[in-house]
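If you're matching them up, the sequences are chains A and B in order.
Position one of the first sequence corresponds to residue -15 (the working numbering), numbered consecutively onward.
Position one of the second sequence corresponds to residue 93 (the working numbering), numbered consecutively onward.
The set of hints was computed from the structure by calculation and includes no laboratory data.
Keep in mind that a hint or two might mislead.
Stated by the list, open to error - The calculated label-pair distances, taken between Cβ atoms and stated as ranges, are:
no.: 1; chain 1: A; residue 1: Ser240; chain 2: B; residue 2: Met122; range: 26 to 36 Å
no.: 2; chain 1: B; residue 1: Met122; chain 2: A; residue 2: Gly155; range: 53 to 63 Å
no.: 3; chain 1: A; residue 1: Glu246; chain 2: B; residue 2: Glu121; range: 27 to 37 Å
no.: 4; chain 1: B; residue 1: Gly183; chain 2: A; residue 2: Glu122; range: 29 to 39 Å
no.: 5; chain 1: A; residue 1: Lys81; chain 2: B; residue 2: Glu147; range: 36 to 46 Å
no.: 6; chain 1: B; residue 1: Asn137; chain 2: A; residue 2: Glu97; range: 28 to 38 Å
no.: 7; chain 1: B; residue 1: Ala150; chain 2: A; residue 2: Val238; range: 25 to 35 Å
no.: 8; chain 1: B; residue 1: Ser97; chain 2: A; residue 2: Ser101; range: 37 to 47 Å
no.: 9; chain 1: B; residue 1: Ser97; chain 2: A; residue 2: Val243; range: 52 to 62 Å
Claimed, not checked - Pulled a few chain A residues facing chain B out of the computed Cβ check, cut under 8 Å:
no.: 10; residue: Ala251
no.: 11; residue: Arg267
no.: 12; residue: Ala276
Owing to the predicted nature of the structure, the values given are computational and were not obtained by experimental measurement.
The beta carbon of each residue, even a glycine, is placed where N, CA and C say it ideally should be.
Each chain, letter by letter, is given below.
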Amino acid sequence: MEDKGECGLGGIAVTSPLYTDLRKRPRSAGRDRESALRQAPWNGTLGLAISGVRLDIHGLPLALERTLSKRFHLFVSPTLAGAEADLSVRVRPAVVKGYLEYDKSQSRSYRLETRTSGERLHVWSYAFAGWFEIDGKEGEVSLCDSDVEPPERSIENFLRVVFAWKASVRGGFLFHASGLVRHGKAYLFFGPSGSGKTTVTRLSANDLLLNDDCIHITRRNGEFRANGVPFKGRDEGGAENAGDFPIAGLFRLVQSRRVCFEPLSTAAAVSEIVASIPFMSERKEGLERNLAVAEDLSRAVPVGRLQFRLAPDFWNIIEESLRG
Amino acid sequence: MVETSAIPVRNPASSSRTIDGQAVIAISEMAQIHILNDVGTRVWNLIDGTRTVSEITALVQRQLTEEGYEGVSAGVAADIEEFFEAMAAKGMVTLGEGSQ
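Can you make the complete structure from the sequences, with help from the hints?
Next comes the structure, spelled out in C-alpha cells:
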C-alpha cells in the first residue's frame, strides 16, 4: 500500500484505494471459434459449492455448461439439485452485441462496473450484464456473443462479484490474495496487482496452490480458514484443492532487494486487508462487516509486510517470524 | 481556512472502527481507507453533527489536559483546524455552517 501523504496531526497515516477492478486484460475469444452461445437449447444447469457458499446456475447453453463444468471441476456440486442455494442465477442471451466498449489501446486492465439499486447489485462488463439480490437468492445474467470475451470468462467474472457478496453475508470474505499450503497451513500473500502474488506461487512450486488471485476466508468454530475458489488470475493459477486450511499468516507483499518481515499494528493490518477485499465498496454495510471481520482476523493470525526478492528465501524469514 | 463555528458532519457513506486507539475509516463509493492517529481518532469520534469545530477542539484539549498532556494540548488547536481542512478535502467530512 502506498502512503499518500499525511495531514494535520499526522492524523491520516494511510490512504489506500480499495480494490475495484479485476486488472486483467480481456482476451479475444477469436473470430473463428464456434460460439457456445449459438447452440440451443439453453437449459443446462451447474451447481457450485465453494466452502459452504452454494451457487446454482440455470439456463446455460449445453456447450457452455460442459466448458464451465471442466473449468470449475473441483467445485462442481452434483448434489446441489433440490438443495437450498445461496443464489440461483438464470442465464439468458443478450439482445445487444456488448455492454462496455472495449478499447484495445487503453485496456491494460479489465473493466467491470457495479451499481446498487435497492436490494440488487447490478454488474456489467464487455460481454455480460446481470444483477443479483444481495441478501436474497435470485439473480440473472445476460451473455453477449462477443469477440472480446468468451462466455465462460463472462460467467466467471460475474460469479466472482456474486461470490464476494455472498461470502461476506455469511461472515467471511473474498480476499485478493494468492495462497499456498505448506505443512497443512495456509500462507496468504496479498497486495495490489503487480505486487508479486503470482510470483510467490511460482517460487513455491512444491507447495499446494490454493489460488493465485483470490482466496475465500471463512471462520469455522472460531478458527479462520482459507480455501481456494474457482476464479483464476491466469488459466493455470486456479485451485489445486477445494478444501480449507487453517491460516498461518497474511503477508502484504513488497518487492525489494532484501528479504524481511515487519509485523503490522492491528489497525494497519485491518486497513491493508480491507483494501484487498474486492467489489465491496458499493455499500456501507458491506464495508462495516468487512472492517469487523478483518479486525477479528488480524487479532487471530500474524499479519505483516513481507519484503521479498525473486528467490524462495522469503520462506526462511516467514518461518523465523512465525516461530518468534 | 476552517471556520471554527462550522459544524463538521461525517460523510454518510463512511464506516469506521476504532482499533487500539486508531480509527480505521472506509468510505464506500470513494474507494478509500484512512487510519487516524490518537488525536485524529479523538476528533473523529467527537464528530456528531451538532458540535462545532471549536467545541470539538475544546473537548480534545480538555481530554489531553486531563490525561497529563498539557504541552500537547496548548498547541493542538491549529493542528485540528488543519486536520478538518484535510478531512474535508478528502471527502471524509463536510463542514456545515454553525450559528455564530
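**Request:** Given the range 53 to 63 Å, decide if the beta-carbon distance of B:Met122 to A:Gly155 lies inside it.
**Result:** For B:Met122 and A:Gly155 the Cβ distance comes to about 25 Å; the hint is violated.
**Item:** Hinted contact A:Ala251 with chain B - closest CB pair below 8 Å
**Value:** OK, holds: A:Ala251 within 8 Å of chain B, min 4 Å.
**Prompt:** CB of B:Gly183 to CB of A:Glu122, is that within 29 to 39 Å?
**Reply:** Distance hint for B:Gly183, A:Glu122 holds at roughly 34 Å.
**Message:** Taking 36 to 46 Å as the stated bounds, is the beta-carbon spacing between A:Lys81 and B:Glu147 within them?
**Reply:** For A:Lys81 and B:Glu147 the Cβ distance comes to about 59 Å; the hint is violated.
**Prompt:** Between B:Ser97 and A:Ser101, is the Cβ distance one that fits in 37 to 47 Å?
**Reply:** holds (39 Å)
**Request:** Evaluate the given range 25 to 35 Å for the C-beta pair formed by B:Ala150 and A:Val238.
**Result:** violated (42 Å)
**Given hint A:Ala276 near chain B, where the shortest CB pair must fall under 8 Å** = Because about 7 Å separates A:Ala276 from the closest Cβ in chain B, which is inside the 8 Å limit, the hint holds.
**Distance restraint evaluation - A:Glu246, B:Glu121, Cβ atoms, bounds 27 to 37 Å** = At roughly 32 Å between Cβ atoms, B:Glu121 and A:Glu246 fall inside 27 to 37 Å, so the hint holds.
**Message:** Tell me if the beta carbons of A:Ser240 and B:Met122 are separated by a distance inside 26 to 36 Å.
**Reply:** holds (30 Å)
**Item:** Hint check, A:Arg267 versus chain B [nearest Cβ-Cβ separation less than 8 Å]
**Value:** holds (6 Å)
**Message:** Range first: 52 to 62 Å. Now tell me if the beta carbons of B:Ser97 and A:Val243 are that far apart.
**Reply:** The hint (52 to 62 Å, Cβ to Cβ) holds, given that B:Ser97 and A:Val243 are roughly 54 Å apart.
**Request:** Hint says 28 to 38 Å; check whether the CB-CB distance for B:Asn137 and A:Glu97 agrees.
**Result:** Cβ of B:Asn137 to Cβ of A:Glu97: about 35 Å, so the range 28 to 38 Å holds.
The structure shown violates the earlier hints numbered 2, 5, 7.
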